[in-house]
Structures are given as structure tokens and as C-alpha cells.
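Q: Make one complex out of these two single chains by using the hints.
Each protein sequence line maps, in turn, to chains G and A.
Position 134, counted from 1, in the first sequence is what our numbering calls 153; the numbers after and before it change by one each time, with no gaps.
Position 395, counted from 1, in the second sequence is what our numbering calls 1055; the numbers after and before it change by one each time, with no gaps.
Warning: the hint list may mix true and false statements.
To be verified - The list that follows gives simulated cross-link-like pairs (lysine to any residue, SDA-like), each with its CA atoms no further than 20 Å apart: (1) G:Lys41 x A:Lys980; (2) G:Lys41 x A:Ala1064; (3) A:Lys980 x G:Ile27; (4) A:Lys980 x G:Pro120.
No lab work stands behind these hints: they were computed from the structure.
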Amino acid sequence: MAYSDKVIDHYEHPRNVGTLDKDDSGVGTGVVGAPECGDVMKLQIQVDEKTGVITDAKFKTFGCGSAIASSSLATEWMKGKTVDDALQIKNTDIVQELSLPPVKIHCSVLAEDAIRSAIADYQNKQSEQAGARSDQVSLAVE
Amino acid sequence: MTVKLPIYMDNNATTPVDPRVLEAMLPYFQDVFGNAASRNHQFGWDAEDAVDKARHQVASLIGADVKSIVWTSGSTESNNLAIKGAAEMYKDKGRHIITARHEHKAVLDPCKRLMKEGFDVTWLEPGEDGIIYGEQVAEAIRDDTILVTIMWANNEIGTVNEAEQIGKICKEKGVVFHTDATQYVGKLPTNVEEAGVDLLSASGHKIYGPKGCGFLYVRRRRPRIRLTPIMEGGGHERGMRSGTLNVPGIVGVGAACEICGLEMAEESSRLSVLRDKLIDSILGGLDTAVLNGHGTKRLPHTANISFPYVEGESLLMAMKQVALSSGSACTSASLEPSYVLKALGRGDDLAHSSIRFGLGRFNTEEEVDYVIDKIVRAVQHLLDLSPLYDMFREGVDLSKVQWAAH
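Extracted from the complex, chain A is given alone in its bound form (with noise of 0.2 Å):
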């Protein structure tokens, strides 16, 4: 087997550019370097054509009015601006808010901080699937609730809620639907019309665009959705964000976006396969191994899967050759078990290791064999060394154990 290593299989993290998105930009950096915003010459209007194909590609992808995108520099700002532009233009209907507690944390932030302004937040809880559902929504609205933002799909273990029926109840309710959909857009048909979006977030790194680039999607008609601003000053994009557009960054979006749209029927397909095979595999090779989140509403390039009885910075020793994210209970940089997982019920359980595996564009299926062996090998090899995977096995309850702490 010829694996080139290392292996990069944390595509939700980030993701490559794209070639055919680099080679988009790069002209805009140089040749067409005018500013959009310059409305009396040539390099002006260049700039501006560039950025307006870039709405139409961003659009499209998502179903939306060519004129409700707004540019950001990526998700947490689109999340910040929506979320605490909607509260602070809409507080004089309500000040409740209902959220997720294994949102981003460029939800849960705002959300924080808006609760320190007087807001009142009602934080979700998943079940062990990790999916909000449309009920759960439907209850927790008030007469006050002024906005609801539920991420469309999870970025740590990959499913993907009931967005649809959620824009379904808060059209019902008049109350404004804000998606952060940065793992979702461009993985997953999209349509911010059929799933009743008044805002969504999206950032051009999760795919193949460029760094630092991203957008917002404001609703302008059934409702008009307004926002106060966050940045001010020049009153570009319709005065919801002030700043000299980043063109290159816009045109990489655009172009990421237009391929995205062409190929994901093909591409979803493509890794849906090999990620279960991933699942598969791994878990047929480890009794001991769970899936964390809904078996198949998921991302068709994520899985996140823990392992009981190993610690996981021994086990990401071992997977050294290969990029993966842990969303580990225990770790060397932190001990604090990952908040998405305790979300689940699984957090509590300091005793395992958890992966997310985010497969891409480019990974191959001979990587995908390669990850499987070595991760396989690498859980067993630390189960025959880990004196609770005993404990476990001679049918001791690991919770009731009295440790002697050092």
C-alpha cells in the first residue's frame, strides 16, 4: 500500500484551497486589485463585477436572493453578527433566545454575552443522537422568543438537525431562524427558501475556499430580516457590515461555492461511502468502540467515535502519521471533557478517547485503509495495556471505584 504521509483527515477543521479556487483569486490580487467600492473608474467596477458573480455563485448554492449576502471574514463573525444583530434589533419584541448546548462556540458566546445584557437564553439539550428536533423547538418558544439559532449540522461529531422543521415552527411563530451552517453548506443541498433560513453562516475554508472569508445570509423578503451592525463605518453591504470588501477572498468563495454546487452530488456520494466504511470497519474491528450521534443524519464526510479504556493522548501518539481532531475526554492540553460530547451523555465517562474523523475532497480510499489498520491496531495495542479495559471485562462499575488520586 503507498500512502503518501502524512494523511490530512480533518476537513472540519479546514480544508485545502481548492486549485481551480486559487487560480480564480489570484488575478485579484494583482491585475484587479481596485476596490469595489470605488464607483468612478475602471478598477472600481472591475472589483465590483468580480464580487457581484461571486453573490450570484454564493447564492445560488443556497437558493437565496442574489442581494442577501452579505461578506464577512468567515462563520464566527456571520454567528456574531446575526445573533447579536437580530437580539439588539429585535429586543423591543422579546428578549428570549433559544440555542443548543453543543452549538460553536461562536454561538454559545453571543449567547453568553447577550445573557449578561438582560436577554434570556434557553439552551437545548440533545439527546444521545446529538439532533435538535423541530418538537423541541416548538416547545421551548415563547410569546417573547425572538430568535432561535440551531446550528444546521454539527461540526465535532457530524449529524445534522432538523433544520427544515425548524424553520417550518418559527415561520409559524414569526420568530427569526439563524443557522450556522459552516459543516453543512456545500457538503449538502441547501436551500434557504424550503427550510424557512432567515440568516445562515458560512465560512469559505470549509470548503476549498480561501481563509478568513465568509458570508451571511439575511433574508430580505417573507419577512425582511434587519440586523444593527456590529462593524461600522463605510455602509457596504447594505450598511450590515462596514469594510472594504476582501475581493480575492469573495472570488475564492464564489468559485468554491459554484464547485461545490456542481459537485456534490458526486462528491457526498463518494465520501458517504468511505466514511462508512470508516465506521464500519472501525467498529466491527473494536468491540469496544461507539459512534457518538445518530448513525446515518450526518454529514456524508464525518464520523466521531470514542474509545473506552484509552487515553487519548497515547492513542493520538500512535496515529502521529495521520491529522485527526480529538474531541478527547482527556488530554494532555486539557482535562476537560469536549462540551459536544457531554452534550450527549457521554462526556461524564472520563475513561475513553474520542476521534473525529473528517474526510475531504482529497483523501483517498487507500488513506481510508490506512487510518482504519493503524487506528485499529493502535486502540487494541492500548487495551491490552489498560488496566480498566480489565476492570471492565472482570465486570467492575469503573464509576464506583474508589480512586487513589494523586
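Just chain G, same shape as in the assembly (with noise of 0.2 Å):
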């Protein structure tokens, strides 16, 4: 199969490898996709939690060329975005920006989803903290 030169960049020159610390408050992971299936992505964010920017993002995949590239073009993406501008990220803005066939769409799909489970968990961390908050406050006023 040709790849296009992006993803080949891609691939040979991932951006953002590596790995935040899952239990920190500030950073959402999501890991979606499976190994029977041939692609693994762990996508995860670190997010200013007063101004809800996102300062750095990292990946890691198991998958071929155009999994890599996918994952690796949307932590480029989502770094120095909002979370809620992150989400606009539509796998189609992928397909197009790595010329990806029709056999390799799932790729982008896959992208997508990680951006958005990474988001969701940085989210319900926060609202679990919020509680957290509340729970003491009501505690206080007893």
C-alpha cells in the first residue's frame, strides 16, 4: 500500500511520544481500540485546570502506519486547544490532513475516540473532585 508523505512523516517522526501520570488530576488518558483487532491507541492530555487549555499532550500506539500517524497528528492538534475546542476535532479533519485511504478511515475514527475518551476522563475527574469539594462544604454547614 503507498502511504502519503504525512503519514510517513508521521511515522518515522511521531510527535509527542510518551507518558503523563495518569493519577494526576490535571490529565485525562484514554486507551481505546484492541489488540485483536490491530490497533491499540492511549491518548492522554495535560489540561490547565483553570483555563481549561490543554498544555501538552501524549501518545503512545500499537497499529500500523496510519494508526500512528492519526494518534500522533491529534496530540498536535489538541496541545495549546481548550477542551471543548479539542472535541470539535472530527476524524474527517484527519483523513483529509493524511490523504488516509478508505481501508485505513478507521484509523482516523480510532483518533477520535481517543481524543474524546481522554477528554471525558479528564472531565469526570473533575466533576468527581467537585463533589469532593461540595461533599465538604455540606459537611461544613452541618
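A: So, in C-alpha cells, the structure goes:
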């Protein structure tokens, strides 16, 4: 199969490979896919809890060159965006940017899932924290 | 390092025609073009002489009687003729056949066909070393067993089965022994008498001969093996395989066999040194890499290595300048794990890829060094990218993870 130059570039020089501390309250982690499907993506974001801006993003991917490129591109795009803006990233944008052929569209879908899953994880942590804080407040009131 | 790219290292799939073989074949396209079955003129006699010479060359490589060689289009046809032909011929004696799970499809599929026709097939399971041992066959033989078909060497992992022991057991029990020796003949010393082989399949194009031409050895004495033909017509090849002989192809297979016989000792020792360098350097450079199949009972030119936590297509992407075969657990073409590795108990773990390195007569040490360097770097790059490798290092059992399927 012929890969586009952009896919090859991301494959050979993947951006933002690495791991963030998943226990940090400002970090959201998404793991999507399954080994038997041939792709597993782990995408993590570090969010400034005051501004909601994604200050860092890291990924690790087990999968074909297009899957690696899709997740690498996703981290590039997320950095500097607010969480809400990052949720606007669509798989079709990834397909277009990387010129993915039809058989590789699932890689972009998986990358979008990974973005949503990482953000959902971050938001869950935030609401749990808020819940914990309001518990403390109500205790104080009693 | 000056290496000409791309590098061909898939010699178990096919080999280039040796220039000496090509030279031997060329006159038989135009100058000596006769039909070997034309008995009444010079053109036919010359063609027949060429075929006879090739028969001698082939027979001498495998220690066989000259008259026991039946020309075919290659191993797939030879396997079909041997298995279906013997089953049909001996079905009144019994209807039980023994084979193994990790045989080539050209053996598995004829056996499956026979199952549909009422034969009973025992599928022997290899252990993790990939080898079928004589005692496994001995235990499986029944009173109604008529045929044992076990390959001499495995095409995907390169392991060598206990053909001699299996042949001996079959002789004792009076069962016909067929072996698909496509990967073995021409690479390691082969003697159908010593190994007690009754039927042996081989192809020209795996031994630097032409594609589309091969042979089936059919024992003529002690005992005489008879086959029901698949191809019927002019009664060529003692009635076992009708059809005008492919004289240039046959001349090529003969020449290829002669060269293999003359150069086998030197070639197999040269290639086994390169094979061991490949295995030792890759396993030494990557703690995760695993050699598939027995460490030493293997063909001199073949190694199959698994790379856990690395996906197959991404690995082949890095190796695009090298022609290798992926016995991959997960590639884009098929998510089915290789049935051969599955038979060894390796297929259920999908989070890996496997590559077959098939060395050949024309590979150099420089090429081997290039491939070692490329593969070690590529796998290391992909391990650095692999979330599964991280999980493995954290002690997570990947088979117990609840994956979010997409």
C-alpha cells in the first residue's frame, strides 16, 4: 500500500510520544481499540485546570502506520486548544490532513475516539473533585 | 555499507532461476522444441532424451530409481495427486489418513476434501517446537490407516520433521508415507530409500529452477505404490499424469537439482552461518523477540521470528526495502493469525507480528547485516511507541484487559 508523505513523516518522526502521570488530576487518559483488531491507542492530555487549555498531549499507539500517524497528528492538534475546542476535532479532518485511503478511515475514527475518551476521563476527574469539594462544604454547613 | 536495494529475502516463497539453469533451458524453447511423446522422429527423440537426462538428475538428488519420477506442474499438483491418488487407490483397505495441523494448504485442502468424501483424517498437533515426531505418528496409526502425509520441512517456520522415523514406522505398519518436501529437497541431503518415503513432492522454483514445473516421486519397489490419476488423457508418466511434458521446465528442474546436489554442502553451511547470525543478532538486540520453532532442527536458510507488542503492518512499513514474508498475527490484509503459528500455540496472542527470513543462494552477508540493523531499529522504534509494551513492563496481563472494541 502506498502511504502519503504525511503518514510516513508521522510514522518516522512521531510527535509527542510518551506518557503523562495518569493519577494527576489535570491529566486525562484515553485507551481505545483492542489488540485483536490490530490497533490500540493511548492518548493523554495535560490540562491547565484554571483555564481549561490543553498544555501537553502524549500518545502511544500499537497499530499500522496510519494509526500511528492519526494519533500523532491528534496530539499536535490538541496542544494549545481548550478542552471544548479539542472536542471539535473530527475524524474527517484527520483523513483529509493525512490523505488516508478508505481502508484506513477506521484509524482516524479511533483517534477521534481516543481524543473524546481522554477528555471524558479528565472531565470525570474534575467533576469527582468538585463533588468531593461540595461534600466537604455541606459537611461544614452541618 | 553498499547494499543494492531492494533486498530479496523471501526464498521460501520462490527463488530466482539460477543463470546456469536458464542456460540449460533455453535451447528447448526453439531449437529442441519437440514433443517428448513423439516416438517417430528426431525432434521427439531429442526432447525425450532431455527429459530422461532431467529424470536422472532429479532421481540422483533424492536417491531414487529413475523411473519413479513423475513430472507435474509443481508441488501443489504433486500433493494433490499423491494424497487423492493414494486415497482413491487404497480406499478398500481403509479410510484413515494422518496429517498435521501446520502442513501447507496444498496438503490440508486435499485432506479436507477427502473428509467430505467419507475419509477420516487425524490432524497431529505439533508442540511449541513445531516438529512432528515419529512416535506421534506411531500412536495415531490404526488398522484402517492407509496414508500418512507429513511434510519434511515446514515452509513457514523452517522446522524439520522426523521424516526418517515416520518412514520407518509407516514401513512397519504397511502404511503409505507421503512427504511434501518442497522446502527440504535441494537444501539438505535427501534419500527416499533411507527415509522410507513412498511419495515425495517437490517444486522447481524453490530450488532455483523454473516455476510451473515439479515432480512427484512414486516408489516402484518394496512396495510398489499405485495412484489413481487426477489428470487423464494420453497416458503420459506411466498413466499417472497425462499431458504433454513441459520439456524446457523439466530440463530446468533437472539442472537445478544437479546444481543443488553439487553445491548443497557448501551452500547449506554458508547459509546456516548467516541464518544463525540473523537469529542471534536479532534476539540479542531485542529482548522481546522470540524464535518460532525448534532452535536447531531447522532448514539452513529459514528463520521465523515473532516480535511481541509490535503490529505487523507498521513493521513491514519500516522494512519496505526488504522482501520478507509476514506470518503476521495482524496485518491489514487479514486479521486471521497464521494457522501455522496458531498450531504452535503462538497464534492466540494477537499482539505481535512474525516475520519469516528466507535466505537464498544469492544473499550476501552485507545484506544480512543490513536487514539485522533495519529490523532491530524498526522494532525498537515501534516498541517505544507501543502502549502494549508499556503495559507488559508494568506487569499487566494483556489477555485479561477489558478492551474497548471499536
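Q: Now tell me, hint by hint, if it's right for this structure.
A: Comparing the hints with the structure gives:
1. Between Lys41 of chain G and Lys980 of chain A the CA atoms are separated by roughly 36 Å; this puts the pair beyond 20 Å, and the hint is violated.
2. Taking the CA atoms of Lys41 of chain G and Ala1064 of chain A, the gap is near 18 Å; set against the 20 Å cutoff, the hint holds.
3. Restraint check for Lys980 of chain A and Ile27 of chain G: satisfied, since their Cα atoms lie roughly 12 Å apart, inside the 20 Å limit.
4. For the given pair, Lys980 of chain A sits about 19 Å from Pro120 of chain G by alpha-carbon distance, which is consistent with the 20 Å threshold.
Checked against the numbered hints given earlier, this structure breaks only hint 1.
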